[in-house]
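Please construct the entire structure, taking both the sequences and the accompanying hints into account.
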Amino acid sequence: MTSTATTGTVGHEKLTMAQALNRALRESMAEDDSVVVFGEDVGALGGVFRITDGLTAEFGDTRCFDTPLAESGIVGMAVGMAMNGMRPVVEMQFDAFAYPAFEQITSHVAKMRNRTRSKVSLPMVIRIPYAGGIGGVEHHCDSSEAYYAHTPGLHVVTPANAADAHRLLRAAIASPDPVVFMEPKKLYWTKEEVDLGAELPGIGRAMVRREGTDATLIAYGPSVPVALEAAEVAAQEGRSLQVVDLRSIVPFDDETVCAAVRSTGRAVVVAEAPGFASVASEIVARVTERCFHSLAAPVRRAVGFDIPFPSPKLEHVQLPGVDRVLDAVDDLQWDLS
Amino acid sequence: MTSTATTGTVGHEKLTMAQALNRALRESMAEDDSVVVFGEDVGALGGVFRITDGLTAEFGDTRCFDTPLAESGIVGMAVGMAMNGMRPVVEMQFDAFAYPAFEQITSHVAKMRNRTRSKVSLPMVIRIPYAGGIGGVEHHCDSSEAYYAHTPGLHVVTPANAADAHRLLRAAIASPDPVVFMEPKKLYWTKEEVDLGAELPGIGRAMVRREGTDATLIAYGPSVPVALEAAEVAAQEGRSLQVVDLRSIVPFDDETVCAAVRSTGRAVVVAEAPGFASVASEIVARVTERCFHSLAAPVRRAVGFDIPFPSPKLEHVQLPGVDRVLDAVDDLQWDLS
Amino acid sequence: MTRDLDLLLPSPHPVELIDPTGQTVAEAAHELPDDAALLRAFAGLTTARRINDQAGALARQGRLAVYPSSHGQEACQVAAAQVLTDDDWLFPTYRDTAAVVIRGVDVAEAFLPLQGAWHSGYDPHRYKVAPQATPLATQLLHAVGVAHAARLRGEPTVALALCGDGATSEGDFHEALNFAAVFRAPVVFLVQNNQYAISVPLARQSVAPSLAHKGIGYGVPGERVDGNDVAALLTVLGTAMARARAGEGPQLVEAHTYRMQPHTNADDSRRYRQDDEVAGWVQRDPLTRLETWLRQHDLLDDAQLAAVTADADQLAARMRTELARDATPEPAELFAHVYATPTPQLVEQAAVVADELSREDEH
Amino acid sequence: MTRDLDLLLPSPHPVELIDPTGQTVAEAAHELPDDAALLRAFAGLTTARRINDQAGALARQGRLAVYPSSHGQEACQVAAAQVLTDDDWLFPTYRDTAAVVIRGVDVAEAFLPLQGAWHSGYDPHRYKVAPQATPLATQLLHAVGVAHAARLRGEPTVALALCGDGATSEGDFHEALNFAAVFRAPVVFLVQNNQYAISVPLARQSVAPSLAHKGIGYGVPGERVDGNDVAALLTVLGTAMARARAGEGPQLVEAHTYRMQPHTNADDSRRYRQDDEVAGWVQRDPLTRLETWLRQHDLLDDAQLAAVTADADQLAARMRTELARDATPEPAELFAHVYATPTPQLVEQAAVVADELSREDEH
Ligand SMILES: Cc1ncc(C[n+]2csc(CCOP(=O)(O)OP(=O)(O)O)c2C)c(N)n1
Ligand SMILES: Cc1ncc(C[n+]2csc(CCOP(=O)(O)OP(=O)(O)O)c2C)c(N)n1
Ligand SMILES: [Mg+2]
Ligand SMILES: [Mg+2]
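Protein chains in written order, with this note's numbering: chain A, 1 to 337; chain B, 338 to 674; chain C, 675 to 1037; chain D, 1038 to 1400.
Among the hints, erroneous ones may be present.
For lysine-lysine, the following BS3-like pairs were computed, each having C-alpha atoms within a straight-line distance of at most 27 Å [unchecked claim]:
1) B:K650 <-> B:K528
2) B:K456 <-> C:K802
3) B:K528 <-> B:K351
4) B:K528 <-> A:K313
5) A:K191 <-> A:K14
6) B:K650 <-> A:K119
7) A:K313 <-> A:K191
8) A:K119 <-> D:K1165
Derived by calculation from the structure, the hints in this document are not laboratory data.
Keep in mind it's a predicted model, so treat the numbers as computed, not measured.
Structure representation (structure tokens):
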């Protein structure tokens, strides 16, 4: 789980996260016949975000195919295929459109190994484009990671850059266990210089993205760039903020996160989802439980409000931006230290 | 929301929680023609837990009726009926069997008011028997409250005794907003002396169930009796534990909970659900955020492990019992104070 | 039994009353609607087409966040609105904005979500039009609930619920038809089979003889109709509505039509279908066929056409003006419409936003 | 089209080959299974009935946490197991323990969940039997997936998926039939229509002409069969399996049967049905009718009956011994089977439990 690995492709190139994901699918399919990709519009169209672009053309329509429009059907069929020797990678078109599959995910995907005392494992990946920032309409911008993270039996990972997208998706497909792979859709088109052959930590490891000494920002997925930008602004104002990117929500990398927080003594969790009973709550809780006496101030949250995700013109109100993050940092009782 | 109210019935009687719930339904149906009860087996059978016993006989089968076996259908039809002047109270047969309705609950029940800028409200109640302790088989013992509590737009309440069951269900049915009403099934048959006419706080208020000075146990639903028992045992060992019963998870009663924790300086959250990204996480997080400098030790959790709910013979391992609660209390760094 | 099956199964061919060339179909099993209804439908078709054209233009100009056009499906849009009485409810999808407007919803209110300003812009109770639904097939159950509630109270309401061919694959479609049947709820389900669910053609969606054949599995009569023939739609839907209103239960109607444009303005339909397929459907345009028929029957002359067109022009002008305005509600509303009374948590959070915004204003 | 419909719609009456009095049905449209198959079925029926009786007794004694009996439905249980080859998969529900045992699963393994010891007790891969499913209709989709995977690899596997009448109302039933049809997956769906979903009678579940009529809505042939006539079941299911194996796609079979006992031992069926209704079905008992037929055809004598009964006795004895043992796994297993490799969080939590238990032991 915590091992690092090279992934075959070597050398630096400029890639978007969407392209990196497509590359990961392509490589996994080429390497392993049992990897199959299906969902709504993933065939000829290549998915509404083009993540599966060209896969049907390259591998044929038994390896990458469109299904009837039914998410429970997609996930349920994937369960059966995984039971019978395949490694299905299914796409849910948007976050809120995975909800029809919720029973299959919680009652079967998450529990099959447990139910059968490991006699049946389900090596499958459920890809879910999630979160806001693209001006999407209702039901297209939910941050739904907490539902899955709260469900024992699922791995939940979410990349924040192209290299991780590639590395983590490769690892998710190779995993013997089901992985809910949450793709921050607002980062799909961010182009980056990446080395797909680089050795990167796998599922279960967080990474410190920026060193800093005054406080630690803990973020994942779409909030990592926000945290990095906030750290940049803070630096100009003379405050040194460290940024940790979780990468993997389940398993959670207590080691890296706690070491980081202990080194600064202050922390802010940044996440888009409504804060109540969320992944951010968990991070605050576990960091506090584990680092209490290293903390100079309570861990703060710069998170989404407990409201349904707003329409495009108001989404900026909901999304934690640099200002909300820095407000939370300001709140860390600096006068007491 | 925070008002108290008498509920019509006066005088003390011995009632189980199941009977108290039945009484609440009966009273609400008698008072208001628009209250309708439906779900699986709620008619002739009176529900598998007999909560709706006798309602069809008393009010006719247009007021309390069986539906085809489809939970999304039940909740979706309730949405429509609530849109059109009714106050549906629907029963999900067990916790895990509400999952097929998850899309209807998250995408419609929770969002209709918001979507329509309050032009359409959904006065409906989704009753869910939940949690363990009855030796139930797979899928019959999930503690699923976090899924709902994390979803903005839903009220989530859960009684821990017969009087509250009656009071809170009456309030839920009267509420202009959808309420997910979580019934701790292991408490259905606990008989108590209750005064159904008593003035009790409504939705949104927690109650201190036992006074204590050394530490605060924060519990809800099925864990309240466990917390009370733990406090009893601790008292014999010379430690004075205060017990707070949340009653309402959303809205959350910060005022009562924080006042309690500040008064003792130490706290343990007790809950059955797997701890990760749970309601317990939220309680730890918000209590810590708000009471940090009153805390002598980090808030601890005595909660379920992050595993699928075990079979009957192993459920005792998963359920936080008195010992796990007292271990957590022991952990509150008493030597430091 | 045999008789039962005949009542439940659709007729062997889709009902067509006016053929694609504008001629009356000989020996049709159903009667044509009366002249007034057809003239009203023609005005509706003209309006619907104009709404699609104007909204498409506004989307291209970036004045709408997105627009799923019903170009080609206007006959369904018009018939769905026209068969309703004031008591009836309409349950539209994201693609049915034209039907919503023809039902009477103000165009500024109807387009608010497409401007990106709020999820729904009109008062559903006022117009008896549910918010346009995005999660596929979910609204069909709401229609059953609205209809069942009305029936319990003895009201004459019928709910007309729309969905697409793709949506028929969702579990909620199944549950809605079954609930409606078991409760004999006054609901008419109109499936606009426009041959595609985004990129997925009907053949990958279903291998049933037709979507209307699904009805029998619920004991619900199914019927197929040429979805570009507004006359046939008015007749078949009108009969279904009357039947439901009379207490005879729900009905399923499948309309064969075609989505002439991409799924939304953001879609690239050349990735999954050929131009000549689209061209074939131009021959079946719902407007031209009714116009031909009306002219042949001396029910429409140039002056009348000009009047109808002028009305549509006026609506388009209103769209341009109204949709140029930013009608975005105040941020505070985000916290006001979660519960009837905001929770203490939301009161706190609203204050955070108010503070953030006031400091932004200072800058 | 007409021909298509005939192929898809069930025959006007449920297929019956041996009538309730044990007589061969004259002019039946299907052939009887051969004598060996019927004798094997009789042994199976005897076993299944004994499993139900013994498990019922153990449940009354508190040795099983719960038991959902298939008493009355044994013909379905036996036929479902008997039509399978070694390549085929069975997808049973909670009520199908008899079928699971007849398929070959060790009785101790099959009953582990009913003892309350673990959720499933056998290795699904070893027996090609999926874990018995509780969330209704969900397993039908898994069957489609298993079948589709096999078909992609060119394997001869057919999946036989069981569900009840109530389960047909769930969205997953719909999605499973549609996916199977669209992908032409080799799946046979057997609905055991035992007239009740707990307390809810079929009439509140569906008003379709029959549940088999649901097939046509997916382009899946539907057939009805007397579910207490094991001969008819073997023939109809056997044909469906062969058809699926030959690549002709899925089939839906509805078996008319009756749940003679309460939903489970915890249920009180007098609340929702009359004793005389139950009594009527005693006349249709699947065992007596086949026994009569076999005796009349000189295929069964007292000695053979004794041998069959002795086998069943032996199984029952084994159940009593095996299910007296507490086969509950170690608590540590709770943490070992969540992921292939326990997360750091689970390693910590397992240690907490180990500590709790070690201190309990000390007491
Ligand atoms: C539950 C759900 N899944 C997926 C989507 C994404 N989606 C939006 S429209 C669409 C295609 C719908 O096709 P159809 O029902 O035929 O309607 P049409 O768009 O053709 O009018 C899809 C997949 C959705 N809105 N809801
Ligand atoms: C999704 C889901 N909802 C509810 C239940 C609770 N439940 C268990 S069995 C049952 C009735 C099932 O009836 P049917 O499908 O006819 O099967 P039978 O029990 O008659 O064999 C119900 C409602 C469940 N197991 N799963
Ligand atoms: Mg379509
Ligand atoms: Mg049944």
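These are the hints, each one checked on the structure:
1. Simply put, B:K650 and B:K528 have alpha-carbon atoms about 25 Å apart, close enough for the 27 Å limit, and the pair holds.
2. Note on B:K456 and C:K802: the hinted pairing holds, with a Cα-Cα distance of about 12 Å set against a maximum of 27 Å.
3. Distance hint between B:K528 and B:K351 is fulfilled; the C-alpha atoms sit about 6 Å from each other, no more than 27 Å.
4. Distance check on the hinted pair: B:K528 and A:K313 sit about 54 Å apart at the alpha-carbon level, beyond 27 Å; violated.
5. At most 27 Å may separate the alpha-carbon atoms for a hinted pair to count; A:K191 and A:K14 meet this at roughly 6 Å.
6. For the hint linking B:K650 to A:K119, the alpha-carbon distance of about 20 Å falls within 27 Å, and the restraint holds.
7. Between the alpha carbons of A:K313 and A:K191 the distance comes to roughly 25 Å, so the proposed pair stays at or under 27 Å and holds.
8. Simply put, A:K119 and D:K1165 have alpha-carbon atoms about 12 Å apart, close enough for the 27 Å limit, and the pair holds.
The structure fails to meet hint 4 from the earlier list, while all remaining hints are met.
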